[in-house]
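Go ahead and model the full structure; you've got the sequences and the hints to work with.
For the sequence shown, this note's numbering begins at 1 and goes up steadily by one.
Source of the hints: derived by calculation from the structure; they are not laboratory data. No experiment lies behind these values; they were computed from the predicted model shown. Yeah, the Cβ is synthetic: ideal placement off N, Cα and C, and Gly gets one too. Among the hints, a few may not be true.
Cβ-Cβ distance ranges computed for the label pairs, FRET-style [as the list claims (entries may be wrong)]:
1. K79 to L379: 39 to 49 Å
2. R302 to I469: 24 to 34 Å
3. E111 to L379: 17 to 27 Å
4. E535 to K79: 39 to 49 Å
5. D385 to E174: 18 to 28 Å
6. D559 to K496: 40 to 50 Å
7. T346 to Q566: 32 to 42 Å
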Amino acid sequence: MLNEFRMQLPIFQFREKIIKSIRENQVIIIAGETGCGKTTQIPQYIYENDPNVKIAVTQPRRVAAMTLAERCSLEKQTKLGQLIGYNVRFDDCTSKDTQITFLTDGMLIREFIIDQQLKRYDVIIIDEAHERTVQSDLLLGLLKNLCRKRKQLKVIMMSATMQIEKFANYLETEAIHIIEARTHTVDVYNVPIRQQDYVESMVNTILQLHFTQPEGDILAFLTGQEDIEDVKEILLERMKISNQEKQLDVKMLYSALPPEVQLEAFQKSIHRKVVLATNIAETSITIDGIVYVVDCGYVKIRSFQIGKAIDTLLLAPVSKAQAEQRAGRAGRQRQGQCYRLYTQQTYERLAKYMLPEILRVNLLSVILQMKAIGIQNVLTFDLIDRPDMELMLANLNQLVKLKALDSEFNLTQHGKNMSSLPLEPQFSHFLIKAYECGIYDLALNSISILQVENLFYFQRGAKESLQKILSKFKIANSDHLTKANILRKYEETQNKKSFCKENNLNHKTLQKAISVKQQLKDYMKRITKKEFEKEDYDKFKQVLSEALMFKHAVYSPSDQAYKLKQTNQLAYIHPESVLFNQKPKYVIYNEVILTKKVYLRDVTEIDEL
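Structure below.
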């Protein structure tokens, strides 16, 4: 059955042609829309042609790497983690027998840091390159260089059918294969007038489809966790009072969900299923049974405003390319329908493509990685798009202040140690210094819990009880110490599930944080041997303040807000902080986010700047 299914995929008729092309060319490009089979089949074709080769397949997202490895293992009828496995941050499911590894772009960059020749792989596949993440753009640059040194290395870039010429010119290859997917017609409908509240509009559209349209599952594109949870709760409430016999199975799909919950979106249901997803479902993954797509028309993107030194999470209109990708999800198995919650005129005004990440995000981590890989002059490194020079110079100087680079921008031993940790540079610096000062358990707890999402869970509209919960764990006017305390109490308690239920905490999230903590401990064993430990909150704040030296703010009574030290930008403490409704004079923070207001998130009071 499986072999029959594989032979029916559009990619199958190109099998021999692609194998021949790989044999004859060092770099090839394979372009085809999601669903043509390229991601699951190409690695298997290469392995079946030569079982001795080791293959890496990169993905922009964890969930894609994990689900694709599982799918390919099923097709090869092997146990996941043996012949085929995956490797994502804080979760390595491979073994010495693994020949095909699905991994995130970031994990392959980490392998580059350890071995700049990537000798363990014979073939490297960069999938979903059209998404233009910082990591995939950097990987293409690194592999372009590596191909000159390792003539036997094979590099395959896979993408949707967009901007292929630009990729081909950059990679200097003429070996291009376009795979036409056998997709069905998708009828697209736009609303005549855009509604202000797209959450309400989304709920109404889903219910109308469910009650009036023939069978077929629904995929709804929303912007993030909050939207998705709101829509789910409203849908369940309305289904309960509708007295309709037709049941609706509501699933969620966004990156912060635990992997086992994400996988539920792919499972068949005896009722009509609606999957509420972020742009995670645009490409990379295929959910069987989707006939109807509802598109809210927005996406959340990270953007760094150089002048204001603010990392922002912005609600932005989708691009035309994204809108087409979303609509295309409805036509995989039969004729489908796409309902856009925006007008045709709005669609006409959309940008053709989204601005690549490398042109709009902070590059501090990327520059440290480039230095750790051995790139001497990061300013002239050949990337497909050149980042902002002012930002790169600012990032280089920040790394000098963190002592990751010396005054001539050379990597220091401290910088090398920082790059070996799977953390943002500020937190790598903080953890190493915390070990040296003997406050490592406090630091480990704080950092580990910051690496996971969905710490708390509340019913819709019940978040006002969050402050009551936080007050039980509050330490020294610090979100960092309060969260560290939550993890410590969780570790110490016997009945962990009851503890979580009583405090509206997510049990699976805290389990993940414990796993992250153990892995960070293992990393730190290779860097330092410090063993002593003390409970010193003042020292914790001092070391954290040094690590977050670019993230200081002072309260301005006249503005009733905080002024960021570097820019004088005004911001407010986030409602989910233990310091909300307090006004300490000096604070440090993890990030600034721009939603309805400019907020400081994860905040700690300090004595002075």
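The hints, checked one at a time:
Our hint of 39 to 49 Å for K79 and L379 holds, since their Cβ atoms are close to 47 Å apart. In this structure the supplied range 24 to 34 Å holds for R302 paired with I469, their Cβ-Cβ distance being about 28 Å. Checked against the given bound of 17 to 27 Å, the beta carbons of E111 and L379, roughly 25 Å apart, stay inside it. At about 45 Å, the beta-carbon gap between E535 and K79 stays in the expected band of 39 to 49 Å.
A C-beta distance of roughly 22 Å is found between D385 and E174, which places it inside the suggested range of 18 to 28 Å. Between D559 and K496 the C-beta distance comes to about 43 Å, which sits within the given range of 40 to 50 Å. Taking 32 to 42 Å as the suggested C-beta distance range, the pair T346 and Q566 conforms, at roughly 37 Å.
When the structure is compared with the earlier hints, no violation turns up for any of them.
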